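Line by line, the protein sequences give chains A, B and C. Letter by letter, the first sequence follows residues 1 to 349 in my numbering. Letter by letter, the second sequence follows residues 350 to 698 in my numbering. Letter by letter, the third sequence follows residues 699 to 1047 in my numbering.
Hints were generated in silico from the structure; no laboratory data involved. None of the values given here were measured: they were computed from a predicted structure. Heads up, a few of these hints could be off.
In silico DSS-like pairs for lysine-lysine, Cα to Cα no more than 25 Å straight-line [what the hints assert, rightly or not]:
1. B/K684 <-> C/K833
2. A/K342 <-> C/K1040
3. A/K171 <-> B/K543
4. B/K520 <-> C/K1033
5. A/K171 <-> A/K71
6. C/K1036 <-> B/K687
7. A/K197 <-> C/K833
8. B/K520 <-> B/K420
9. B/K687 <-> A/K342
10. B/K615 <-> A/K343
11. B/K687 <-> A/K343
12. C/K1036 <-> A/K338
13. A/K342 <-> B/K684
14. C/K1036 <-> B/K692
15. C/K1040 <-> B/K684
16. B/K615 <-> A/K338
Taking CB as the label site, the calculated pair distances span [what the hints assert, rightly or not]:
17. B/R681 <-> C/Q999: 49 to 57 Å
18. C/R1029 <-> B/R387: 51 to 59 Å
19. B/T630 <-> A/D67: 25 to 33 Å
20. C/G733 <-> A/K338: 36 to 44 Å
21. B/G651 <-> A/D67: 24 to 32 Å
For each residue, glycine too, the CB sits at the ideal point set by N, CA and C.
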Amino acid sequence: MAKLTEFSLASLAELLDVELSGDPSVSVSSMATLGRARTGQLSFFSNPRYLADLQKTRASAVILHPDYREKYPGNCLLSASPYLSYAKASRLFEPRPIHTPAIDPRASIHPSARVDATATIHANVVIGANTFIGKAVTVGANSSIGADCRVGEGSVLHPNVVLYQGVNMGKRCCIHSGAVIGSDGFGFAQDDGKHIKIAQLGTVQIGDDVEIGAGSTVDRGALDDTIIEAGVKIDNLVQIAHNVRIGANTLICGCTGIAGSAVIGKNCTIAGGVGISNHVTVADGVTITAMSLVNRSITMQGMYSSGTFLTDTLTWRRNAVRFGQLDNISRRLRKIEKSSDKKDHGAAE
Amino acid sequence: MAKLTEFSLASLAELLDVELSGDPSVSVSSMATLGRARTGQLSFFSNPRYLADLQKTRASAVILHPDYREKYPGNCLLSASPYLSYAKASRLFEPRPIHTPAIDPRASIHPSARVDATATIHANVVIGANTFIGKAVTVGANSSIGADCRVGEGSVLHPNVVLYQGVNMGKRCCIHSGAVIGSDGFGFAQDDGKHIKIAQLGTVQIGDDVEIGAGSTVDRGALDDTIIEAGVKIDNLVQIAHNVRIGANTLICGCTGIAGSAVIGKNCTIAGGVGISNHVTVADGVTITAMSLVNRSITMQGMYSSGTFLTDTLTWRRNAVRFGQLDNISRRLRKIEKSSDKKDHGAAE
Amino acid sequence: MAKLTEFSLASLAELLDVELSGDPSVSVSSMATLGRARTGQLSFFSNPRYLADLQKTRASAVILHPDYREKYPGNCLLSASPYLSYAKASRLFEPRPIHTPAIDPRASIHPSARVDATATIHANVVIGANTFIGKAVTVGANSSIGADCRVGEGSVLHPNVVLYQGVNMGKRCCIHSGAVIGSDGFGFAQDDGKHIKIAQLGTVQIGDDVEIGAGSTVDRGALDDTIIEAGVKIDNLVQIAHNVRIGANTLICGCTGIAGSAVIGKNCTIAGGVGISNHVTVADGVTITAMSLVNRSITMQGMYSSGTFLTDTLTWRRNAVRFGQLDNISRRLRKIEKSSDKKDHGAAE
């Protein structure tokens, strides 16, 4: 059972630290988009594209910027940052299972592990030797946590998460199902055509407030550690190789892969499907657009891209064939330019 | 133990609704390709490229089109659609564990969950409050199903699948191991350089006859739901972000990522490694070729591509350098054209 | 508890089969990079870029090539292949849980399965009928192994691994958490706009010494088997489709996808994020650079690439627009060349 949530606009205004314009006694119990909201629901307006929806909405109240107050006659929560206020409001309405902190009897916890009394450990969780589980941590069903790990206060591991031995995670982290943290880096030495595995002796250090998406993988370091700094948010199916360092508050979207020893700055935005080559360094504040390959270091803040635009396949194929002739095309152009210069010069004489 | 399967050609012809040409009493107990089939095996011929294999096959019977009857002297099952008949036949030979419907005593099922008496729940499955598991559903070992989910009749969840709270799945769905459905969408609001998580209050709606591959992830919606319509087939390691809608019977191949709020039409074919940007709309019946980036909406049926062709790396590098000069090349060409026009004009005077 | 490791340089020299130059009684208990090593640690020097680090290192001993002996006054282990010796040394220092082989009482093992007395089966592992688990195998917690599988001697399955029915794995394999082996290939036949599933009747054959990374997926064959030959190393989040064959000792980096029936040669290196189209053949010894699409067969050894270089987005966009005009640019250039030839010819007359 999820807990029931219902807030008066008066209390919402206080919780969100915004100004109420309307009836303080009206109450809302859930959120919806402007177009779908009904009586009893709270909505928000942050993108002018949806102005028509604002004017037709049936929501009981709307979070909006004071500049739009006159466009909407209903109950408003006036915010200088409507999208941020929406984020904060959304968390009030999140369904949360009601449970008293407890260790499910089907969990297997090593006698030397320390699990805080306020933590919740679900069925079939396995926790290894010497691992520490902090205050108010939740570990979802069927998760496997190796020895010598540390999971900081308030972190949530959803079901079927794996931490290998020695992973160190900060406070308030959120690890989604299927994520694997601390698996071996992909390191081999060649021995007469065969690949000799290099034991991965480092581990993974994860700062506070990090989110790691479903099915994402973070490898342990070869000798030093792989490091995910505080506030980093990683989407689903992202691969972080050994000895990578991700700077604080960087966002990494789905299906991106970051190869070994790459160093990504703080406050970067890496879009989906991006590849970052090994040993590359990316400066702070860099944005990489979707499906670009970063095969060299980036030393200046800015937005970077590679690839070509989408077209119909017939047109694309004709142009892609010409791409294979580009060096030739360029040389032929140069030749004509020279010949043309010469003629002009000749003509001038 | 898998059940033994053996069919006479007479019964196969009836089951597949095709015409038998040959000995009805011959029996087959498994399938193989033309090249590898031996006595007692059924094969099929649907691609003229394998004509030589047809003529040499040792299969006890072959599914083929009547047009090729004269090319093959052995026992035939004559089908207007040999590949479709192969698909139907393959399902007859699929090994299925023999088990009586049962709930393994090591499963953890919340008292308020309803599990149909004909369902099979394997060891260590965890099922949350108020969840409904329909008739003849199978849930594989070590799967975790949250509260308030609904799994429709005849669906199969393979081992180690995760459904978060509130996922609604239709009939006859097949979810492969490692898939995660209903994880949080990747949504944050900025607050002075930090990322404030937006609670993901929607869920995931999955129609009938949907297949989701191993390790694939489908995020829950932010406010509205993420929707996978009936008959959609999703391959392995595919990421579907929050609020995406996938139209009925669309195929999505492995390693593809679809970003938030994208709307994909019905009967599309999305090849492997494709990226689809957020808020993009793709019309019905569109095909996207492998590793293309769809960064704009597609309004007309057809086939679309981006990228360049593969060449040896030295040639590629020369051309890729010229790609970086393309705008310059184009301008220089324009200049020469103008100069040439002028001379021609001058010459004509 | 991990076992303590401490080696004298004399014993290390013997174990690694290298020459000691220095004090044989000095002992080391862990490894570190040159820059971070302290007293009691072993380091290695294999890349001349780190010469300054070598000269400043506080390591108690360094593995290096005899050519660099004079650059470093401390204790040395002299190796003709320092990187390979590092790989071998790293394995000596790997922490290994101390456990006596055992089957955890919370494992669910089918009565007909055979588990060698020297195997270790962790909590909540489920093992199906007729499966064979060889000598000294470890199966991590919450893993699910189907019926009729075979796991060869000395193999390690980390926690939360899934093997579907019938998977056959050689000796000394290492399968990382979240990997799924033997899931259904993505095969459907069309029936009036609907997709009829083709039962995947083959399985997966994995040779000796294969490593498969976290979250990677290997589909079972449609009729024949999917084959991963001995010594293949596969990184994280890699997708191998049905009926693929990967030749011995090939390396496949993270986020790569290989489509159905592709045949990859021996000793290939497939970088990260690569796509390989279905039915393509790749020769032995081929290298594919990151994020390339292999949409045709490669018959000769060598290095192959596709894509464009990364630039700032504004420059990229201008060039990418011109890519869409490439065929037109090429034709215009040809026209000018013809016109220029004609004039030259005319002028010569």
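Evaluation of the provided hints:
Distance restraint check for B/K684 and C/K833: the Cα-Cα separation of roughly 75 Å exceeds the 25 Å cut-off, and the hinted pair is therefore not satisfied. Of the pairs offered as hints, the one joining A/K342 and C/K1040 holds, with about 16 Å between alpha carbons and a cut-off of 25 Å not exceeded. Proximity of A/K171 to B/K543 is assessed by CA-CA distance (about 15 Å); at most 25 Å being required, the pair is judged to hold. With a CA separation close to 62 Å, the supplied pair B/K520 and C/K1033 exceeds the 25 Å bound.
Restraint check: the Cα-Cα separation between A/K171 and A/K71 comes to about 42 Å, which exceeds 25 Å; the hinted pair is violated. Proximity of C/K1036 to B/K687 is assessed by CA-CA distance (about 16 Å); at most 25 Å being required, the pair is judged to hold. With a C-alpha separation of about 21 Å, the suggested pair A/K197 and C/K833 falls inside the 25 Å cut-off, and the hint holds. The hinted pair formed by B/K520 and B/K420 fails the criterion: a straight-line CA distance of about 42 Å is larger than 25 Å.
Annotation: proposed proximity of B/K687 to A/K342 holds, straight-line Cα distance about 17 Å (limit 25 Å). Taking the CA atoms of B/K615 and A/K343, the gap is near 60 Å; set against the 25 Å cutoff, the hint is violated. Taking the CA atoms of B/K687 and A/K343, the gap is about 15 Å. The hint holds against a cut of 25 Å. Proposed proximity of C/K1036 and A/K338 is supported: the alpha carbons are some 16 Å apart, at most 25 Å.
Between A/K342 and B/K684, the direct Cα distance comes to roughly 16 Å. Compliance with the 25 Å bound is thereby established for this hinted pair. Of the supplied pair hints, the one linking C/K1036 and B/K692 holds, its CA atoms being roughly 15 Å apart against a limit of 25 Å. The suggested pairing of C/K1040 with B/K684 holds, with an alpha-carbon distance near 19 Å, which does not exceed 25 Å. For the proposed pair B/K615 and A/K338, the alpha carbon gap of about 54 Å is over 25 Å, so the pair is violated.
One distance hint, 49 to 57 Å for the beta-carbon pair B/R681 and C/Q999, is violated here, with the actual separation near 38 Å. Roughly 57 Å separates the CB atoms of C/R1029 and B/R387, a value that falls within the hinted 51 to 59 Å. Between B/T630 and A/D67 the Cβ separation comes to about 30 Å, which falls inside the hinted range of 25 to 33 Å. Range check, C/G733 to A/K338: about 52 Å between beta-carbon atoms, so the 36 to 44 Å window is missed.
Remark: the range hint 24 to 32 Å for B/G651 to A/D67 is contradicted by a beta-carbon distance near 43 Å.
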